[in-house]
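A.B. asks: Top to bottom, those sequences are chains W, S, V, L and P.
Taking the working numbering, the leading residue of the first sequence gets 1, the next gets one more, and so forth.
Taking the working numbering, the leading residue of the second sequence gets 1001, the next gets one more, and so forth.
Taking the working numbering, the leading residue of the third sequence gets 2001, the next gets one more, and so forth.
Taking the working numbering, the leading residue of the fourth sequence gets 3001, the next gets one more, and so forth.
Taking the working numbering, the leading residue of the fifth sequence gets 4001, the next gets one more, and so forth.
Fair warning: there could be bad hints in the mix.
As the list claims (entries may be wrong) - Capping the alpha-carbon separation at 20 Å, the derived lysine to aspartate or glutamate pairs in EDC-like fashion look like this:
1) V:K2294 - V:D2140
2) V:K2093 - V:D2311
3) V:K2093 - L:E3048
4) V:K2251 - P:D4256
5) V:K2093 - L:E3147
6) V:K2251 - P:D4152
7) V:K2093 - V:D2298
8) V:K2145 - V:D2210
9) V:K2266 - V:D2165
10) V:K2308 - V:E2297
11) V:K2268 - V:D2250
12) V:K2266 - V:D2311
13) V:K2300 - V:D2285
14) V:K2308 - V:E2235
15) V:K2294 - V:D2200
16) V:K2300 - L:E3048
17) V:K2300 - L:D3152
18) V:K2268 - V:D2298
Read the hints as simulated data drawn from the structure, not as lab findings.
Keep in mind that this is a model prediction, so the values were computed, not measured.
So the chains spell out like this:
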Amino acid sequence: MIPPPLIHCQALAKRFDPAGPAVLGPLDLAVAPGEFVSVLGPSGCGKSTLLRLISGLLAPTSGALTIAGRPPGTLDDLAYVFQDATLLPWLRVEANVETLLRLRRVPATERARRRDAALGLVRLTEKARAYPRQLSGGQRMRVSLARALALEPRVLLLDEPFGALDEMTRDHLGEELLAIRARQAWTALFVTHSVAEAVFLSSRILILAPHPGRIAHDLAVELPYPRNQETRRAPDYLRLVAEVSARLRAVEPAEASAA
Amino acid sequence: MIPPPLIHCQALAKRFDPAGPAVLGPLDLAVAPGEFVSVLGPSGCGKSTLLRLISGLLAPTSGALTIAGRPPGTLDDLAYVFQDATLLPWLRVEANVETLLRLRRVPATERARRRDAALGLVRLTEKARAYPRQLSGGQRMRVSLARALALEPRVLLLDEPFGALDEMTRDHLGEELLAIRARQAWTALFVTHSVAEAVFLSSRILILAPHPGRIAHDLAVELPYPRNQETRRAPDYLRLVAEVSARLRAVEPAEASAA
Amino acid sequence: VLALAGCAKPDPDASLAPGAPALTKITVQLDWVPEPEHGGLFQAQARGWFREAGLDVTLVPGGPNALVNQRIATGQADIGQGESVTTLLDVQKGLPLLQVAAVFQNDPSVFLLHADNPVRDFKDLNGRKIMARPAWIFLDYLRQKYAIDFTIIPFNFSVANFIADKGFIQQGYYIAEPFFITQGGAPAPRYLYAWDAGYDSYGVLIANRDWARRNPAALRAFLAAYIRGWRDYIEGDPAPSHAALKAANDKNTDAFMDFSRAMIVKEKLVVGRDAPDSARIGRLDPARYATQLKIVEDLKLLPTGALKVSDVMTTEYLPAP
Amino acid sequence: MSPRLLRRLPPLVLAGLFLAGWQGLHHALPLGRRFLFPSLPQLAEAFEVHGPALLGAAGHTALASLGGFALAALVAAGASLLLASSTLVRQALYPYLMGLQMVPVIIVAPILILWVGPGAPSVIIVTFLITFFPLVVNTTQGLLSVEQAHLDLFRMGRAARWQELLLLRAPAALPYFFTGLRIAAILAPIGALTADYLVGSTSGGRSGLGITALLFSARNEIPGLYATAVVGCALGFALVSIVSGLAWLALHRWHDSYTPSDS
Amino acid sequence: MSPRLLRRLPPLVLAGLFLAGWQGLHHALPLGRRFLFPSLPQLAEAFEVHGPALLGAAGHTALASLGGFALAALVAAGASLLLASSTLVRQALYPYLMGLQMVPVIIVAPILILWVGPGAPSVIIVTFLITFFPLVVNTTQGLLSVEQAHLDLFRMGRAARWQELLLLRAPAALPYFFTGLRIAAILAPIGALTADYLVGSTSGGRSGLGITALLFSARNEIPGLYATAVVGCALGFALVSIVSGLAWLALHRWHDSYTPSDS
Ligand SMILES: Nc1ncnc2c1ncn2[C@@H]1O[C@H](COP(=O)(O)OP(=O)(O)OP(=O)(O)O)[C@@H](O)[C@H]1O
Ligand SMILES: Nc1ncnc2c1ncn2[C@@H]1O[C@H](COP(=O)(O)OP(=O)(O)OP(=O)(O)O)[C@@H](O)[C@H]1O
Ligand SMILES: [Mg+2]
Ligand SMILES: [Mg+2]
């Protein structure tokens, strides 16, 4: 029996300017529970827009969209790591990490436990008492990631969470993400510009084409979990990276047509 | 005759908290005119701090620093692409790109010419009339890059300008950067997390180690200019990428020691 | 007079003696901060004559917003000091007010001018700038009677402009302002008296009509003591009143109080300019009220025939002459 | 019911409740105090009787409000730019500006009457004094609240001090400036009204709302007094609407307080 | 010279110039008008003569300012949270709040005097009315000026409306709130002084600076009048210092208006 899709878009479309062209869609997508879907595509093609639609922060212009059978924006167990860190400047790092838990009214001790775990994970324990403006760009993004992970969500939307990070930290966090996923079994939509990262982490890769944003390719990544340093050297992995790279390059860049 | 260094740091050090540990240095660095120096290092190691010191936005705690023989912050021909886009939200994209030119009191027609050229380069001509909040994350970073390039500076500081961009746009912009450099002959300090990019673009690579930020490795990249798609397949290039990767990985991650 | 002397030092505990009848409480609202214009009240109070009459009188200081008539109408004061013509309008508005005794036979509000001011009489005011209370009905009266107009600057309780500006004309209580004017270095001003224009209003005591009807004896006793206070203040030793005034308002200097009292006496404000003796203290003349009613009717401030003299004043609580 | 109508409903209901409450309050008062709080019909009658006079007075006060307001906006903008230009200037000058606001009009009034003369110019000056300060405080705070990242951009671009002020701080301060303008717009008519009875003048029955109010008050014409207040409020609302319109024009494209719910 | 002394210098120089200018202005006036602008020695003498009386009056006005100010801060914070909680509430209630500010004190004064009675409570109420509105406008604008990205975060976290208000909008509005407080702090003493003049008690020893000023004015005690104003200003400065201190405590760690030049 096929489980009902957790994220289900039917002819989903978004246009910001009622008179202008559609920015996204119409687009059909079904994500099953437990999938780890990477989203690749040129800058400005609509990746963030898709995530914002799914999170319920944007209303679709047309089409249908359900998360776990419910309308978007009604699911408690969803966390979204925005493309920008969006930390609250008046809170210390530790309080920032707790923000979402506080909204869920998680008791203080439990909150502290999860906060410490998440901060340890992103290796920022020693910055717990710092204010956001005392952090480097990469540190800020990691706090943002910790904030989402502390929620232990069922659906995780990640918008280039590792964009500002060095390769080692990236790899470390990728592996941590997979480890947590093995324990917590969430479903993830992961926007990234790194093909290698996409292949390494995900069970499925979507390549979006621009004008309007639409799914150009929908590829399954058949590499076995758990993945580790071995995986990065596996021929299947390397083949997939090359294939995805090629397909991504075949998709025209967002503004090139107009330039 | 060796030309005098354009950027010259001697025992340069920075600490934010007078009681705390130094964040950067003491560090010695001499960059000759025309060099394209990539800076690599784990998140939070002090790359942005180094660039801010050189730009004159931060005052060093100790040590000496001169740019073209003058104190930092006194050079007109310096442009800095910040880690965040920092566009002015009340200006349209076109006006944002012109901002630095306007500060230099470049006449309107010349401003328009340079603005259009820079926007074309980053492939955002069609977004000229948009406001920053109508742009995607990658588009914003490209506007920020266009703003710096429109200045046609002598010294260019770039803090992860391509972090939010897809591979194709990255490669395109990298090549454009090299092309402009061939025409305009500036000196660049380029922070990136992509080893391949660093090797492809630069004539020299600095690898910073954290706690405090210091130069762990200083490598010359002896690949000939102009570089192009051929370069990316050259064995020297691949060897260098591997070597730099390995050295970078040998540098401990910024917060790992404390976590 | 001998009897008065004996009472100069009242026994404060007299009223507390067991079996003594409880004192009737009366609240009197003043129109301004305590000054010699309230000399009679304070003299009677200081001499203990209210208490002697079985009254426990509280004198409530006024100020720029004394709201005398409103406070009487709403029962927050039983009696108040005010001006007679304005009060007519308030009665017509339905405020339960009754004028029961005179304070001043002529309201001391006059125009103050510098001695060398070319304005000699009311007609000359045409086109001038005058600082006065815009609501002063006398202004409407002048405009109508002499067919003139002038610019009014709202009165701000200050004589600074008068001192500084030789051409300045302003309303003032001529028993007070001239003192501050001369003290400020300017020569003594000249006056244009409202009554010379035929506008003859009283400074009056106003009572709450319903309260008066319910407490005729107390009101009579009060007025008797009050008149006695005025007479003593202008004919006898003002020291008790002045001491009380100073206690109630520390800005009262001896020089000012002496000046103000002297003016009250010299201008026969309390006894009446044409009176041979002090018999007219407190007296109200119904005939003058008829004139006042006619004035406001002619000014269309009051519908003709809306009020009779007996609606606004009475002499029934005054002691027999 | 259309959603638009539905959105219009609560204010209408509230307005109805307000009027009913007003009328109820009048009748709830003991008879002897009812005169203090006129009923709606009394108010309507006052408008009928005093309508033309009120209109004329409103004209005077409207001009004075606008004059004082415009003057305050201009001077405050200039003063704020000066104050924001350096910490030194700010530390040195701010106390005097505060002092300016704190001088009681009772001191200013005789001086104005003597030097400027009673009437419109003096009223405008007092209105200016009353509305000026909230604008300065707000605008200065706005000019100082620029994002550090943007300041860094301008420092990097080696902007002259005046460029930083005019090209960066000034636009960034607009939300604060308009907040100040909104306060000033509300203070202006009430300030002009107060100024009118301190340093205004009346002749030939022509005066501003302040002296009109003073007259009504002194003659116990309470409904007329309330009608005067209503006219004053109407002026305030008109001014606020203009300011809100300007704020919308200046801010809606970029400021987050105007973000449409869907973007 | 130490840089610190150097920074102290201009305000000191300016203060010197100010005092010299004051004295100069006094002497520049024609003799007959010089009394309108007392010299510094005259002012000093007024302080000596009226010192105790002024101190007592200042005590009353200080209490009223503080009372009105504190009340305004509390009520404004609550009202702003209410106003910011929904567009509907805001559209419905804002006009009434504006109306509240725009009702001339000349109307409020008789009502207060007759219901509350002249004296401290009435003075506090009028002070409240005068200081309340700038606070509400500022705080509400602050609550509405939250960054869209932060709102998105809270919406994503499915924050309840009250959580969004208290955990996001309230802290984000602090810079605006403190700007409002600064305005209110300056308005409070002058408001209390005005209020005292309108609805204060005139009983000897129970009056505040307003009645004191009125009496000085009526008695042409111009140096005393100026001394009263100076005392009022001093109260204002004291209140503003307190507010600035609080603002620093609440904001300096994170708000860009407090960023040290070096970071
Ligand atoms: N204003 C500040 N106050 C205190 N500490 C700071 C401040 N700014 C930066 N730091 C600290 O200095 C260190 C270096 O920061 P910097 O921004 O230079 O890192 P970076 O190398 O650019 O990192 P990233 O790759 O994440 O951008 C970090 O640990 C950071 O926490
Ligand atoms: N509020 C808006 N109003 C108008 N256009 C918008 C708005 N937000 C986004 N867009 C446009 O929609 C397109 C898709 O934007 P989106 O942020 O989804 O891109 P993206 O795929 O996430 O790009 P990036 O990789 O650069 O983050 C872009 O061309 C952008 O200019
Ligand atoms: Mg995006
Ligand atoms: Mg950095």
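A.B. asks: Each hint: holds or not?
C.D. replies: Quick rundown of the hints versus the structure:
For the proposed pair K2294 (chain V) and D2140 (chain V), the alpha carbon gap of about 14 Å is at most 20 Å, so the pair holds. For a cut-off of 20 Å, the pair hint linking K2093 (chain V) to D2311 (chain V) stands: about 12 Å separates their Cα positions. The suggested pairing of K2093 (chain V) with E3048 (chain L) holds, with an alpha-carbon distance near 18 Å, which does not exceed 20 Å. Restraint check: the Cα-Cα separation between K2251 (chain V) and D4256 (chain P) comes to about 52 Å, which exceeds 20 Å; the hinted pair is violated.
For the proposed pair K2093 (chain V) and E3147 (chain L), the alpha carbon gap of about 62 Å is over 20 Å, so the pair is violated. Between K2251 (chain V) and D4152 (chain P) the CA atoms are separated by roughly 64 Å; this puts the pair beyond 20 Å, and the hint is violated. Among the hinted pairs, K2093 (chain V) with D2298 (chain V) is consistent with the structure: their alpha-carbon atoms are about 17 Å apart, no more than 20 Å. Between K2145 (chain V) and D2210 (chain V) the CA atoms are separated by roughly 36 Å; this puts the pair beyond 20 Å, and the hint is violated.
Annotation: proposed proximity of K2266 (chain V) to D2165 (chain V) is violated, straight-line Cα distance about 28 Å (limit 20 Å). Between K2308 (chain V) and E2297 (chain V) the alpha-carbon distance is near 12 Å, which keeps this suggested pair within the 20 Å criterion. A distance of roughly 27 Å separates the Cα atoms of K2268 (chain V) and D2250 (chain V); the hinted pair therefore is violated under the 20 Å criterion. At roughly 33 Å between alpha-carbon atoms, K2266 (chain V) and D2311 (chain V) are farther apart than 20 Å, so this suggested pair is violated.
With a C-alpha separation of about 23 Å, the suggested pairing of K2300 (chain V) with D2285 (chain V) is violated against the 20 Å cut-off. About 36 Å separates the Cα atoms of K2308 (chain V) and E2235 (chain V), which puts this hinted pair outside 20 Å; it is violated. For the given pair, K2294 (chain V) sits about 12 Å from D2200 (chain V) by alpha-carbon distance, which is consistent with the 20 Å threshold. Under the criterion of a C-alpha separation no larger than 20 Å, the hint pairing K2300 (chain V) with E3048 (chain L) is consistent with the structure, at around 17 Å.
Restraint check for K2300 (chain V) and D3152 (chain L): the C-alpha separation of about 72 Å exceeds 20 Å, so the hint is violated. Under the criterion of a C-alpha separation no larger than 20 Å, the hint pairing K2268 (chain V) with D2298 (chain V) is inconsistent with the structure, at around 30 Å.
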